[in-house]
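Participant: Each chain is listed here by its residues.
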Amino acid sequence: MKDLANAKLLGDADLDRITSVVSNLLEEVIALSERVAKLEGNGDPNAAQDRINEIIERVLTPLA
Amino acid sequence: MTDSIFDILAWRDEEIPRVRTLLGMRKFWSGPLYGQLREEYERMTDGKPTPETADEAWPIVDALPSLPRWAWLDRHIQDRLWDDVGKMVDDRIEALSRSLQPKNDDLGTLRIEADFTYPEYYETIDFHRQDGGIWREDRGAAVYAMGARVIHVGRNNDFQLHDAFADSLDAGEPQEILDLACGFGKTTFSLKKKYPNAHVEGIDLSAPCLRLGRRMATEMGLDIDWRQADMEHLPYDDNAFDLVTTTMTLHELPLDAIRQSLAEACRVLKPGGTLVALENPLVGEPLRDVLTQYHSQIIVEPFHYDFRRADMAEFAKDAGFTEAETHAWSPFGDKPGTATNPRSWVTPWSWIQAYKA
Ligand SMILES: C[S@@+](CC[C@H](N)C(=O)[O-])C[C@H]1O[C@@H](n2cnc3c(N)ncnc32)[C@H](O)[C@@H]1O
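If you read the protein sequences in the order shown, they are chains A and B.
Quick note, the first sequence lines up with residues 2 to 65 if you use this note's numbering.
Quick note, the second sequence lines up with residues 294 to 650 if you use this note's numbering.
Accuracy of the hints is not assured; some may be wrong.
Stated by the list, open to error - If you want the ones that stay clear, here's a sample from chain B, every Cβ over 12 Å from chain A, calculated: (1) 317; (2) 365; (3) 369; (4) 650.
Stated by the list, open to error - With a straight-line Cα cutoff of 30 Å, these simulated DSS-like cross-link-like pairs (lysine-lysine) come out: (5) 380/B to 487/B; (6) 380/B to 396/B; (7) 610/B to 487/B; (8) 396/B to 39/A; (9) 39/A to 563/B.
Hint data in this document are derived by calculation from the structure and do not stem from the laboratory.
Keep in mind that this is a model prediction, so the values were computed, not measured.
Cβ coordinates follow ideal geometry from the N, Cα and C atoms, glycine included.
Take these sequences, add in the hints, and give me the full structure.
Facilitator: Here's what the structure looks like:
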C-alpha cells in the first residue's frame with residue numbers, strides 16, 4: 002500500500018496543471034475586475050489592454 | 294442578433310477582457326519572459342565562441358533555466374485560446390449553423406465532395422493544438438476563425454495582413470486565380486478585392502472552412518468559387534490559371550506533400566503564370582531560431598523543422614518552375630532593426646515566388 006498520508010503527492014506534471022489553475026484564475030479575476038471597472042464608471046475601453054497587461058505583468062512576474 | 298456571420302463572430306462586450314487576457318499573456322511571453330531567456334543566453338555564451346547557427350545554439354538553449362516556463366506559457370496560451378473561443382462559439386452555435394445554410398443570395402459556387410479522402414497527416418494531427426481540427430464540423434471552422442482573430446488582433450482584425458499580401462503581388466492582370474489551402478478565405482477575399490474582374494477560386498480540404506468562407510464572401514459582395522480539394526491532387530486541367538497563391542500553409546505539410554503540391558501548382562499554371570507563397574522563415578539569429586522551432590513544436594506544426602531547413606526556391610525548380618526566388622517580406626514596414634535586434638521577438642515573413650516559362 003502507498004503511504005498517501007505522508008508521501009509527496011504532486012509531481013512535475015501536476016505542477017503544470019496547477020499553474021494552469023492559477024493562470025485560469027487570473028483570467029477570471031481580470032474578467033471580474035473589468036466588470037467592476039465598468040460598473041464604477043472607470044472602464045475606459047481604450048485603456049483596457051494597458052490595465053490588463055499591468056495585472057498580468059504583476060501576477061506573472063515570478064515566471065520571468 | 295442578425296444572421297450576419299460577421300455579427301455572429303464579433304466579440305461581445307463581456308468576452309473582450311478574456312481576449313485581452315490572452316493578448317496580455319502573449320505580450321508577457323514575448324516581452325519579459327523572452328527578455329529573461331535572452332539574458333540567460335547571453336550570460337551562458339559570454340566569453341565563449343558565439344553560436345552561429347540554431348543547431349550550435351540548441352544545447353545552450355536547452356539548458357536555459359527559464360526555457361520550461363517560456364514553453365509552459367506558450368502551450369498554456371494556445372490551449373486557453375481554443376478553450377475560451379470554443380465556449381464563445383458554443384454560445385453562438387445555433388446562429389452559426391443557420392448562417393451557414395445555403396441561401397438564395399449566395400455568391401459564387403461551393404463544391405463539397407460527398408466522399409472525400411483526406412491525406413493521412415491531416416486526419417491524424419490536431420494542428421495548432423485545436424481538438425478535432427478545423428474540418429470535422431462547422432464548429433471547428435468557427436473556432437479557428439475566431440481564434441485567428443485573437444492572434445492577430447490589432448493588426449489583422451480585418452485581414453490587413455492578407456490584404457497587404459495581395460497588394461504586394463506583381464503578377465500583371467491575372468484573369469484566372471487559384472488560392473490553394475484557402476482556409477476560410479482570408480487571402481482569397483484579398484485576391485478578389487485586388488483583382489475584381491478576375492475569376493478567383495479557393496480550394497481547401499476543410500468543407501466547414503469553405504462554407505464559412507463562402508458566407509463571409511457573400512456578405513462582403515465577393516463573387517468567389519470554393520471547392521473541396523487536396524492541393525496534392527488538383528481537380529483542374531493543365532494550364533488553367535494565371536496566378537496560384539498559398540499563404541501560411543506549406544510549413545504545415547510534409548516535405549513530399551510540398552513537392553507534390555508545387556508540381557501540381559506548376560501543372561495547372563499557364564505558361565507565363567506565377568506562383569506566390571507566403572511563409573514564416575527563420576530569422577538567421579540562433580536563439581530566436583531555436584525558440585521559433587520550439588514554438589512551432591509546441592503549437593503542433595510537426596513538419597516545420599524540415600520545412601524551415603528546406604530551400605523552397607530549389608523545391609519549386611525541382612517541381613518544374615523555370616525560375617524561383619525567396620525574399621524577406623515586411624508588410625508593415627517593421628520598426629527599423631526589429632529583425633536584426635535580437636532583443637526583440639519577431640515573427641518574420643518570407644515571400645516565395647516562382648515562374649513557369
Ligand atoms: C494555417 S491555414 C492557412 C489558411 C489560409 N491560407 C490563410 O492564410 O489564412 C492552413 C490551411 O491548409 C489547409 N490544408 C492543409 N493541407 C492541405 C492540402 N493537402 N490541400 C488543401 N488544403 C490543405 C488546412 O485545411 C488549412 O485551412
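Participant: Hint by hint, which ones does the structure fall short of?
Facilitator: 1, 2, 3, 5, 8, 9
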